[in-house]
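Same order as they appear, the protein sequences are chains A and B.
Our numbering numbers the first residue of the first sequence as 1 and each following residue consecutively.
Our numbering numbers the first residue of the second sequence as 1 and each following residue consecutively.
Hints were generated in silico from the structure; no laboratory data involved.
Note that the coordinates shown come from a computational prediction; the quantities given were computed from them, not determined experimentally.
Incorrect hints may have been included.
[Claimed, not checked] Partial list, derived from the structure: chain B residues whose beta carbon lies under 10 Å from chain A:
id, residue
1, 10
2, 27
3, 103
4, 140
5, 144
[To be verified] Okay, the calculated bits of chain B under chain A, using three or more residues with CB under 8 Å as the criterion:
id, region
6, 13-24
7, 173-183
[What the hints assert, rightly or not] What follows is a set of in silico ranges between Cβ atoms, one per label pair, in the way DEER data are often shown:
id, chain 1, residue 1, chain 2, residue 2, range
8, B, 21, A, 7, 44 to 52 Å
9, A, 212, B, 138, 32 to 40 Å
10, B, 117, A, 73, 28 to 36 Å
11, B, 117, A, 74, 25 to 33 Å
Cβ coordinates follow ideal geometry from the N, Cα and C atoms, glycine included.
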Amino acid sequence: MFPVINFGSLSLPAPELILLLGFWLGSVLTERKSKHFKVNSNLVEKVLWTCLLAGLIGARLSFISRYPSAFQENLLSVFSLNPNLLDPAGGLLISAAVGFIYISQKRISLWVFLDSLTPFFAVMAIALSFSNFAAGTGFGTSTTLPWGISLWGELRHPVQIYHLAGGLVALYITSYRIQTSEHQPGFTFVLFVSLTSCFRLFFSGFQETASLVGDGIRLPQLTYWTILAISLFLLNKHNRPLQMEKPDESQE
Amino acid sequence: MTSYRFERHQLGSIFILLAGLAWVWVSRIPTDSGSLQTIVAPQESFLAPDFNLTTLSGENFFLSEFRGSPVIINFWASWCPPCRAEMPAFQQVFAEYEDLGLIIAAVNATNQDSLSEAAAFASENNLTFPIPLDKTGSASRSYNLYSLPTTIFIDRQGIIQKIIIGGPIPIALIRVQADKLFQDKP
Numbered sequence: 001m002f003p004v005i006n007f008g009s010l011s012l013p014a015p016e017l018i019l020l021l022g023f024w025l026g027s028v029l030t031e032r033k034s035k036h037f038k039v040n041s042n043l044v045e046k047v048l049w050t051c052l053l054a055g056l057i058g059a060r061l062s063f064i065s066r067y068p069s070a071f072q073e074n075l076l077s078v079f080s081l082n083p084n085l086l087d088p089a090g091g092l093l094i095s096a097a098v099g100f101i102y103i104s105q106k107r108i109s110l111w112v113f114l115d116s117l118t119p120f121f122a123v124m125a126i127a128l129s130f131s132n133f134a135a136g137t138g139f140g141t142s143t144t145l146p147w148g149i150s151l152w153g154e155l156r157h158p159v160q161i162y163h164l165a166g167g168l169v170a171l172y173i174t175s176y177r178i179q180t181s182e183h184q185p186g187f188t189f190v191l192f193v194s195l196t197s198c199f200r201l202f203f204s205g206f207q208e209t210a211s212l213v214g215d216g217i218r219l220p221q222l223t224y225w226t227i228l229a230i231s232l233f234l235l236n237k238h239n240r241p242l243q244m245e246k247p248d249e250s251q252e
Numbered sequence: 001m002t003s004y005r006f007e008r009h010q011l012g013s014i015f016i017l018l019a020g021l022a023w024v025w026v027s028r029i030p031t032d033s034g035s036l037q038t039i040v041a042p043q044e045s046f047l048a049p050d051f052n053l054t055t056l057s058g059e060n061f062f063l064s065e066f067r068g069s070p071v072i073i074n075f076w077a078s079w080c081p082p083c084r085a086e087m088p089a090f091q092q093v094f095a096e097y098e099d100l101g102l103i104i105a106a107v108n109a110t111n112q113d114s115l116s117e118a119a120a121f122a123s124e125n126n127l128t129f130p131i132p133l134d135k136t137g138s139a140s141r142s143y144n145l146y147s148l149p150t151t152i153f154i155d156r157q158g159i160i161q162k163i164i165i166g167g168p169i170p171i172a173l174i175r176v177q178a179d180k181l182f183q184d185k186p
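Please model the complete structure; the sequences and the hints are all you need to start from.
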């Protein structure tokens, strides 16, 4: 756990820095891999930066809309650099909407573009796990296993590291193992979602804090299970070999 | 051959989903398990570590005595520019929420500050909330103080709801967090 990195008298928030580093690494890898998906790397870069900007503005606007009275007497707080005044869910939603509109205008297939962005999503998933580890959030239940980490008086599962390892496996498989040219557009992205939701469904079972439903069932696990079910359905659909499409193409 | 392959994939998917459901059930949190909220730790969702310090005005400040009221603890020092910048915002929020029962304690990291300069700063800014003096650094250590300023929002049950490291914190954020502390009924 290292929420702050001190450089002399300067203190920098480690979780936010890790996410920024993840964004940069993810965008670099995505640009390098874009040629495999036959997508222009400049376009990928433009979309990523546009989505980042839209996400940040959207996250702030979403936060303000949730707590308007807090800003009434001090409008300058609207422009504060403090990341605690951001609503991540609202930012993600607006970022995704802006990205969707952007690529629709460029007349690019959504599935092809999602495939090309998969390395970025994979790196960001890893960065998010590492960021949670730095912040100390999303920690694990107590354990007697030798790799448990000492946290608040007892050994606990290093769940964030489990998630990080799962993210590395998903990145390796989707970016370096599969031949994208052999599959339908969307296969790479859906495979990444399947792998990530599967790993998270499993590793979240060791997480200490979570919203609960029913008889102690973790809500995040149910969410990951639902995502996994949808993605497996789509995976079967997108896994059809490309040559099956050939008769249709010849008819056209 | 192809249809066999698809059937195999579908069967695999069904097996994974059933195994997933079984894991969700097996790994559920037992309702009789111990709560985090009985463990004392300087971390969100845990019970806030207690401390007993003497304030600038010479009174004793026991954090645990304020159980039942929302509490904001702000660790600061007079040499720290962000601490100085955000203190008027805390004073303003205190003036707005004092009647509702909000407690603000600006714990001065006296072990790394000058007491006279801290007192002068408090006087200049007309700070009316308690300023406990952490002369030995015991409170700073119990809260694993990484950086100044650090602000901790504690609910009526004594549970840490939010920790904000660094500053200056905008007044809007202090108001939002203070409002959240009042959302839980006593």
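Here's how the hints hold up against the structure:
no., hint, result
1, 10, "holds (6 Å)"
2, 27, "holds (3 Å)"
3, 103, "violated (20 Å)"
4, 140, "violated (14 Å)"
5, 144, "holds (9 Å)"
6, 13-24, "holds (count 7)"
7, 173-183, "holds (count 4)"
8, B:21 <-> A:7: 44 to 52 Å, "holds (48 Å)"
9, A:212 <-> B:138: 32 to 40 Å, "holds (36 Å)"
10, B:117 <-> A:73: 28 to 36 Å, "holds (30 Å)"
11, B:117 <-> A:74: 25 to 33 Å, "holds (28 Å)"
Of the hints listed earlier, those the structure fails to meet are numbers 3, 4, in rising order.
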